[in-house]
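J.: Letter by letter, the chains look like this.
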Amino acid sequence: MSVHLVLFLAFAAVALAGAINLLAQTHPINSALSLIAVMAALAGEYLLLGAEFVAALQVIVYAGAVMVLFVFVIMLLNAGVEERTKGSRVAILFGVPGTLLGGVLIAWVLLRHSGTGDVPAGALPGAPATIGPLLFHEFLLPFEITSILILIAIMGAVVLASKPPSAPVPPREGN
Amino acid sequence: MVPLSYYLVLSGILFACGVVGFLIKRNIITIFMSIELMLNGVNLSFVAFAAHWHALAGQVFVFFVMVVAAAEATVGLAIIIAVYRTRETLNVDQVNLLKL
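Those protein sequence lines, which keep their order, are chains A and B. The first sequence begins at 835 in the numbering used here and counts up by one. The second sequence begins at 613 in the numbering used here and counts up by one.
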């Protein structure tokens, strides 16, 4: 068993434990923390594959910025423990076996028939110095379009989350 | 040396966990986190295939997926705040109209 495989299995175990813990926890803040564990473990997997730039982005953007946003909203809305309802029981009854079946099928097909070779450690070094020219030459147009997308997202977030100027409508009765 | 299929199976399992969370969770924020988990699973397969085929474009695509996911998280959380302000609940069973 090579060191590479041991490291892969260790990071994979952390990622899977985090993903399952995300499903098992009922309080959103616990789910958010386990999602951060998943993202950190995935950053380790990216490092194993040699994708240094992507690993750094994973930690900075995903585990940092996006999850801080999630934790802010959870605290802002004072989200409590979620309650089980009739709909959620039906969803568990059908959703869990169905998805497990699909997952096992995908795993079986991949392991059995993928016909793909091994990936050595650090197979494709993706340092920022090699990603940068690609990003600013071949993918320049998509890159510029993402900046417009982010601008739209900022304006949309401000518009949606700002308080309405008129008198607030009374909350509708739950239906 | 790790077989490519291991990476793909891990990414598939993470995606499946995201789908299960999307189905069984009733808190709108946790449902949103399940979507992020699915996106992370897809990113892993992007990077694994990029390493397998020596195509650096796969890693650039992960960058774009991350940017879109960040923008999506921003707008989605703003929508959650707007929904909570009018409904005062985070349970999706009680949010069954498209209007705020």
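Take the hints with a grain of salt, since some may be wrong.
Derived Cβ-Cβ restraints for the label pairs, each shown as a range [to be verified]:
hint	chain 1	residue 1	chain 2	residue 2	range
1	B	Val677	A	Val992	47 to 57 Å
2	B	Thr701	A	Ile986	22 to 32 Å
3	B	Ile693	A	Arg946	14 to 24 Å
4	A	Val902	B	Thr701	31 to 41 Å
5	A	Thr860	B	His666	26 to 36 Å
Quick look at which bits of chain A chain B covers, simulated, 3 or more residues with Cβ under 8 Å [stated by the list, open to error]:
hint	segment
6	849 to 856
7	862 to 868
8	878 to 890
9	895 to 903
10	931 to 940
11	973 to 987
These are calculated hints, taken from the structure and not from any lab test. Owing to the predicted nature of the structure, the values given are computational and were not obtained by experimental measurement. The beta-carbon is built from N, C-alpha and C at its ideal position, and this holds for glycine as well.
J.: Within the segment 862 to 868 of chain A, is the number of residues with a Cβ closer than 8 Å to a Cβ of chain B three or more?
T.: holds (count 3)
J.: Within 14 to 24 Å or not, the Cβ separation of isoleucine 693 (chain B) and arginine 946 (chain A)?
T.: violated, 46 Å
J.: Apply the coverage criterion to the segment 895 to 903 of chain A and chain B: a residue qualifies when its Cβ sits closer than 8 Å to a Cβ of the chain, and three qualifying residues are needed.
T.: Contact hint for the segment 895 to 903 of chain A vs chain B: holds, 5 residues under 8 Å.
J.: Quick check: the segment 849 to 856 of chain A, covered by chain B? Criterion 3+ residues, Cβ under 8 Å.
T.: holds (count 5)
J.: Counting residues of the segment 973 to 987 of chain A with a beta carbon closer than 8 Å to any beta carbon of chain B, are there 3 or more?
T.: holds (count 7)
J.: State whether the coverage of the segment 878 to 890 of chain A by chain B holds or is violated, taking the criterion as 3 or more residues with Cβ-Cβ distances under 8 Å.
T.: holds (count 8)
J.: Do the Cβ positions of valine 902 (chain A) and threonine 701 (chain B) conform to the proposed distance bound of 31 to 41 Å?
T.: violated, 24 Å
J.: Per the hint of 22 to 32 Å, is the separation of the Cβ atoms of threonine 701 (chain B) and isoleucine 986 (chain A) within bounds?
T.: For threonine 701 (chain B) and isoleucine 986 (chain A) the Cβ distance comes to about 28 Å; the hint holds.
J.: How about the segment 931 to 940 of chain A: do at least three of its residues have a C-beta closer than 8 Å to a C-beta of chain B?
T.: holds (count 5)
J.: So does valine 677 (chain B) sit 47 to 57 Å from valine 992 (chain A), Cβ to Cβ?
T.: violated, 24 Å
J.: Could one say that the CB atoms of threonine 860 (chain A) and histidine 666 (chain B) fall in the range 26 to 36 Å?
T.: Once the Cβ atoms are compared, 44 Å apart, the range 26 to 36 Å for histidine 666 (chain B) and threonine 860 (chain A) is violated.
Checked against the numbered hints given earlier, the structure breaks hints 1, 3, 4 and 5 and satisfies all the rest.
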